[in-house]
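> Sequence:
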Amino acid sequence: MAHEMIRNREELTQVRDIGDRRALREKLLSIIDGTLKRLRPSEILRERVLLRKQILIIRGINGEAEFDLSKYNRIAILAFGKASLLCWRYLSQLLSDILKEKLYKGLVVFPKGTELADLRLDVNQEIAHKVIFIASGHPLPDEDSLRAGRLALEIAEALSEGDLMIALISGGGSALLEYPEEPISLDDLRRTYDIVMRGGATINELNALRRAISKVKGGKLAKAAEPAQVVSVILSDVINSPLHDIASGPTAPNPTSDSYVLNSLKRLGVWDQLPESVKIVLGKGRPTITELKRASNLVVADNRLNTIIASEVASKYGLRAFTLTNSLEGEAREVGKALGSILRDVKTGNSSLKPPLVILSSGETTVKVMGSGQGGRNQELALGVAMMIKELKGVAFASLGTDGIDGKSPSAGGLVDGYTLLEAEEMGLSLEDYLRENDSYNFLKPLRGAIITGPTGTNFMDLQIGLVV
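Following my numbering, the numbering of the sequence shown begins with 1 at its first residue and continues without gaps.
Among the hints, a few may not be true.
[As the list claims (entries may be wrong)] In silico SDA-like cross-links for lysine to any residue, where the CA-CA straight-line distance does not exceed 25 Å:
#: 1; residue 1: K408; residue 2: K223
#: 2; residue 1: K100; residue 2: E47
#: 3; residue 1: K293; residue 2: L153
#: 4; residue 1: K130; residue 2: P253
#: 5; residue 1: K100; residue 2: L140
#: 6; residue 1: K354; residue 2: L429
#: 7; residue 1: K316; residue 2: T13
#: 8; residue 1: K266; residue 2: I195
#: 9; residue 1: K354; residue 2: Y317
#: 10; residue 1: K53; residue 2: K37
#: 11; residue 1: K279; residue 2: D345
#: 12; residue 1: K53; residue 2: S96
#: 13; residue 1: K27; residue 2: N263
#: 14; residue 1: K408; residue 2: P446
#: 15; residue 1: K393; residue 2: R16
#: 16; residue 1: K223; residue 2: P253
#: 17; residue 1: K223; residue 2: D68
#: 18; residue 1: K337; residue 2: K293
#: 19; residue 1: K112; residue 2: T323
#: 20; residue 1: K368; residue 2: P253
#: 21; residue 1: K408; residue 2: R40
#: 22; residue 1: K316; residue 2: R304
#: 23; residue 1: K284; residue 2: K316
#: 24; residue 1: K130; residue 2: L94
#: 25; residue 1: K102; residue 2: K223
#: 26; residue 1: K37; residue 2: T323
#: 27; residue 1: K337; residue 2: L319
#: 28; residue 1: K279; residue 2: I308
#: 29; residue 1: K445; residue 2: R7
#: 30; residue 1: K53; residue 2: F67
#: 31; residue 1: K390; residue 2: G454
#: 32; residue 1: K279; residue 2: R147
#: 33; residue 1: K408; residue 2: D345
Source of the hints: derived by calculation from the structure; they are not laboratory data.
Make the full structure from the sequences, and use the hints.
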C-alpha cells in the first residue's frame, strides 16, 4: 500500500489465520497507520502556527500568543528534537519571505539515522548559508550533541534587545542538544544517564538530573538569549506537559534544585555509582532559574492527541473507542497485565464495556533493565497483555512509540493477539527466558509481532490500542 507508515505490515498479517486473526490485525494496523500519519508535525502546526501579514500567531493548548515580526531586527530559529526537521520545514516555508531579510542563524538538530535527513536539502537557497543541520545522538548524547549545545548557546548569547529567538522543541531534545557543566566529560555524562535509566528512573527524575548538570537546560538557553524575546513552539512528549520536563526545559523555569536531584539519585540507589565529576557539580547547590521574563512557552500539542486521533480513525472503521487514560505509567509488563485484564473482561462479558470496541491509552511506562537483550517498554508491555489474553479469539493489541523507536531495538513496538503465546510454545520460545534478558524484540520477531516504522519524525510518547470484536 502507498505511503505506509508501517514498513512490515504484510509480514505482521501473514500469520496462521485462526479465528480471523489476519482481518483483526489488518484492522488494528490500519488504525495505527492512520493515526501516525495524522500525528506528523506538518498536520499539527498547520492548524496551530499561522502567519497573517507579518503577525506570527501561535495557538497553544496552554495559551495563545502573537508576535509582530516586522518589529524585530533579527530572527534566530533553533529546532531540536525528534520532530525538528519537519517542524523546521513547516516554519521556514511559512516565514520564507521574512527569513530572507531577517534570519540571523538557523540550527536544526535531529537524531542520527533518521531518513528524514534529506529535508536538509529542502532549504531556501537565500537562507541556506545561515542554517546549520546537525545529526546527533539519542537516547544518549554524543560529540555532535555537545557541538549542537555549544552552537545553540552561542547563537542565543549573540542576540540583543529587539531580536527574536524561536525555538521549535520536541521530545528527544534532551539528548540531541546538550552541553554539560564543567568538569563533566561526555563519557561521564553518558555513563551517568545509562546508570540512572537502568536504575528505573522516571522521565521526570531523569530530566531533573539533566537540568542540573547542563548549561542549556533548565531555562539556561533562554537566559542566555536575554534581553532578546524568546518564544518556544513545543510538541510535548511528557505526561501533562510540564514545560520544565519537555526536552528538559531549555527555555522554561526550573522547579527542581540540585539537592532534590541528589536525594532522588540516592533514593534510586545509584548515587555511589555516578562519576565523581557529576557528584562535584550536584554538590555545589547552585541557584536555579525560577523566572524568565522574556520567554513564552507554548505547547501546541501533547500525547492526548494520540487517543483523540486514534478514536477518530477507529470511527472510520465503524468502531467505537474508549480512552482509559492519557497518563499511563508504571512497570511496562505489569501495566500490560492490567491492560490485558481489561481486554479479557470486555471479551468475556465481565465489563460494562461491550465489543466491538477499541480501547485506547497513552503515556510512558518504564523498564528496569536486568538483561542485555534487544527490546523496549512497548514490546514488554505488549507481552504483558499477551499473558492475559492467551487463547482469546477476537482480541488484538498493540503498543508503540509514536517516534518509531522502542528501546534498544529496531522496532516501534509490539503487536499481540490471543494466539501469540500459543505459537511461542509451539516454537519452543520461553517467554520467561526472553523477559529475563529484556529481549522482547527477538521474542516477538519470529511471531510476527514486532512493528517496524523507522523514525516517524514526530514524538508524542507511546500509544496503546486494544481491539476487541
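> List, from low to high, the hint numbers that the structure doesn't satisfy.
Result: hints 1, 4, 5, 6, 10, 11, 13, 18, 19, 20, 23, 28, 31 and 33 break, sorted rising.
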